[in-house]
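Undergrad: Assemble the whole structure, with the sequences as input and the hints as a guide.
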Amino acid sequence: MPQGDYIDLHRKRYGHRLDFFERKRKKQAREVHKKSQKAQKAIGIMGKKIAKQNYAEKALMKKTLAMHEEKSTRRKVEDDVQEGAVPAYLLDRQQTSRAKVLSNTIKQKRKERAGKWDVPLPKVRPVAEDEMFRVVRTGKRKSECFVTVSFFWLDLVYVYACCFSRFMHLKVLVLFSVFLAAKQWKRMITKATFVGPSFTRKPPKYERFIRPSGLRFTKAHVTHPELKCTFNLEIIGVKKNPNGAMYTSLGVLTRGTIIEVNVSELGLVTPAGKVVWGKYAQVTNNPENDGCINAVLLV
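134 is the number of the first residue of the sequence shown in the numbering used here; add one for each residue after it.
Certain hints may be false.
Claimed, not checked - Quick list of in silico lysine-lysine cross-link-like pairs, BS3-like style, CA-CA up to 27 Å:
{"no.": "1", "residue 1": "195", "residue 2": "171"}
{"no.": "2", "residue 1": "182", "residue 2": "196"}
{"no.": "3", "residue 1": "145", "residue 2": "168"}
To be verified - What follows is a list of derived Cβ distance ranges for each label pair:
{"no.": "4", "residue 1": "411", "residue 2": "180", "range": "30 to 36 Å"}
{"no.": "5", "residue 1": "174", "residue 2": "323", "range": "38 to 44 Å"}
{"no.": "6", "residue 1": "254", "residue 2": "191", "range": "36 to 42 Å"}
{"no.": "7", "residue 1": "338", "residue 2": "194", "range": "50 to 56 Å"}
{"no.": "8", "residue 1": "170", "residue 2": "149", "range": "48 to 54 Å"}
{"no.": "9", "residue 1": "402", "residue 2": "365", "range": "18 to 24 Å"}
{"no.": "10", "residue 1": "184", "residue 2": "317", "range": "38 to 44 Å"}
{"no.": "11", "residue 1": "340", "residue 2": "261", "range": "18 to 24 Å"}
{"no.": "12", "residue 1": "354", "residue 2": "382", "range": "23 to 29 Å"}
Since the hints were derived computationally from the structure, they do not count as laboratory data.
Yeah, the Cβ is synthetic: ideal placement off N, Cα and C, and Gly gets one too.
TA: Next comes the structure, spelled out in structure tokens:
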């Protein structure tokens, strides 16, 4: 045994201290609080590291619990039953036996996720940026122009090396054509948009994307695929625009966009008995051409 392991040697000879296990238990109980305090106080890259580590531990724990969760399920008995073993009035019934099985929750969730976005229009035509935006020129000169500017007189000195020793001053007017262009960083959205009730425009000087009032919509004609009825419902928000995240954040409504609508008027109820307030719907028309939004509810 190495010379430094005198504590282990002492424990082997005389055993642990009487309060060893009690102190060990208390130390483990305190570790959680110490870890929590450290995580709360950590800032910067250390905070990010600790948060990432905690997130990974929590996810692993949830996965393990889900995989080992036992559920009581019924399964059909497929054994051949001999004639006369079952009474005639029970022959048409299917026998089932209860069995405890490991529920594969992760696979179920994957299936739910895959079937969640079965939408009426799975593929739509991508909208080009030139079609979506129109360049707005601003500033003093709103069009490209050429301006002739006379800058200065240049004194050119020519020395007659061979014949004369005197100087000759020649005044020349120099003209410069300077190309001046207007500011072109503003864009006007040419498609239908949705803005919330609390929306306030930025000052025109700083507004990069202009959403015209005439193309703003707050309601949509939503068709329920099962009820075969159309309702005029309020739009709550734009969930996803198929053309990209930027258009989603701007609230642009094009064909195939997923919107959230207020379905409280329909009286839909969850299995738990709660009233459903918002549901997703997909836009099925071109609102900028039709002047209205037609959508199909995702049930």
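Undergrad: Flag every earlier hint the structure violates by its number, smallest first.
TA: Hint check: 3, 5, 8 fail, others pass.
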